[in-house]
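Protein sequences appear in the order of chains A and B. Each step along the first sequence adds one to the number in my numbering, with nothing skipped, and position 93 is 93. Just remember that my numbering sits 1000 ahead of the position in the second sequence, which is counted from 1.
I should point out that these hints are in silico values taken from the structure, not numbers from a laboratory. If a hint is listed, it holds; no wrong ones were tucked in.
Distance windows between CB atoms, simulated: (1) A:Asp100 <-> B:Ser1050: 19 to 27 Å; (2) B:Gln1155 <-> A:Ala54: 31 to 39 Å; (3) A:Ala29 <-> B:Gln1155: 34 to 42 Å; (4) B:Ser1050 <-> A:Asp73: 25 to 33 Å; (5) B:Ser1257 <-> A:Pro11: 53 to 61 Å; (6) A:Asp108 <-> B:Leu1228: 48 to 56 Å.
Chain A stretches covered by chain B per the calculated footprint, using a threshold of three residues with CB under 8 Å from any CB of chain B: (7) 10-16; (8) 19-29; (9) 32-42.
So these bits of chain A aren't anywhere near chain B, every CB distance computed over 10 Å: (10) Gly46; (11) Pro48; (12) Tyr70; (13) Met78; (14) Trp96; (15) Leu97; (16) Thr102; (17) Val105; (18) Asp108.
These numbers come from a predicted model, not from an experiment. Idealized CB from N, CA, C, for every residue including glycine.
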Amino acid sequence: MAELLLYYRDPERGYEIGDVIHVLPDGSAWGNSECVDDFLVVRLPGLPVEEAQAYTEPMEDDVVGRRRRYKIDINASMAASGIDTDTFGLVYCEDWLVLDITAPVWVDKASV
Amino acid sequence: VATELVRTIKESGGHYTSLSAWEAAAGGISGGNLVTNDVIAVAECYGRTSADATTVLLNGFTTDATHWVEIRAASGEEYRGVDGVGYILRASASRALLNYCAHLRIYGITIDVGTQTNSYQSTTPGTFTGTPDIRIVGCRLIGNAAIGTSSTAYQFSVVNTVLDAVDHAASSNVTVLMLGCTQTARYTLRENNPLTTKNCINNAADAYTKNTGATITALNCALKENSLADISTNLGGCRQGQTFTFSGTGDWHLSESDAGARGYGADISSDYSALWLSATDIDGQTITTWSIGADAQAGAAGGGIQDASHVASGGAIAGGSAASAREQAVQGSGGASTGGAAQTSKEAGHVASGGAVSGGAADTSTGAAQDAQHVASGGAVSGGSADSSREHAAQASGGAVSGGSAVTSKESASVGQGGAVSGGQASQAREATATGSGGAVSGGAAVASASTAGDSEDVAEVTVSGVFISDITIEVAGMFWVEHVVPGSIH
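Isolated chain A, as found in the complex (with noise of 0.2 Å):
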């Protein structure tokens, strides 16, 4: 199953939080800098990785666009999933928690 590193920090360059940047296979170790406060992995339960590859797809719709197609609303994803904000709160690079998002709630830009 299929891990991802998603942008988890202030829009900037056409990156937008939830954006999915990089995608391992579960339990991958991640490297140091992959973690709060620039990015945030989850896990996505029955989630092949190569199909979780796809939602890396780029943009390129100007010199500084939209930098992804897809990525995942993490808010309502914490909701459907029944991840509560205590929880989520506990997230930090020391202890390298990964959130198992049961619910993902996908957002195609290409299609907003």
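Add chain B to chain A, keeping to what the hints say.
Only chain B this time, still in chain A's reference frame:
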């Protein structure tokens, strides 16, 4: 000179696991303005077990002539002219790199863009001052029409690089300079596009396709095509109808028997200097005898691969020998060395992550691997022996040593998680100390493992957890201690 801000791209243990994540973090520079922050953003890439498969959309950096984006192989992790070695960017959707950055330098990696166009420069570059300047050195570029069109004038320099593709199309606003490259396929120039090529091999039956107004200025080039008709301005030394002999499949070093390019290069060190480069070839060797192509120092005594440091990530050396390789250090990620011997290599150091060395021996009698250090993460050494390796140190995470023996290795130290040592013996290993979590040692004996009488500290610990050990004989002279034995765990 601006300060380099270096961030590592590694499968584990680095800042980022992908070039894409590094880019999303703007190389660690908030806002991506390299000029106001007075920095050069450097992504330092390491070899991998599998290619970096996420498309890199390089954009949003503010650059100028002294503040650029640099993607480079870490020292010792370079491509070095052997396919499959080092860091590889290969996106599954044939969109590996989309560059909007006006000042970009790429050193020592492989980029496979498939059929994607406009990979290395965009039609509309991002924020910059000065002339856009792209430099690619010591790389392998794979893909069709990778150098794309542009509405802005670009200087595009490719040095010591293997252009391994069907076509590379350039555009009318892109001035391309190639120095010491090895082209495996036809090169297509769009309308009015100028190409200057020096000391380059073109190994295609039809070397160039030129659209209207395109020009080629050439110096000391060697073409397989039996015609120089495409060359607009011949500065001299160009050779047609040549046959090139390379060291092997996927190995673009010139064979010692090559008669097409070896020793026929011109001294173009001033062209290298103009790009702030020293006159070295794809192996990093200083060029004293100029050959044509990426392996420019092939004309030196001994020739061939003298510093083929790494065979990583899918690379293969099969059925042959790297006779004079000095540092055939790393064979990673699916790499294989079979049926041959690294006869004089001094540091056949690493077989990592799925790599395999089988059916061959690193025979000391011919001066072989003296520092075969690591077999890691799925690697296998079977059917052979590293007779005198000094530091056959670690076999980790799925590694296996079977049917062979590390006869005189001094530090066959550990077989880590999931590893297996079977059917063999580490007869004189001094520190065959640990078989770790999940590993198995069966059917074999650590006969004289290092522990000559009175030297027990050399085998001070055998740390085992969660494993099944069977048919084991422990011969002990003197005192020993057993700690943390769980009843029933030893049969």
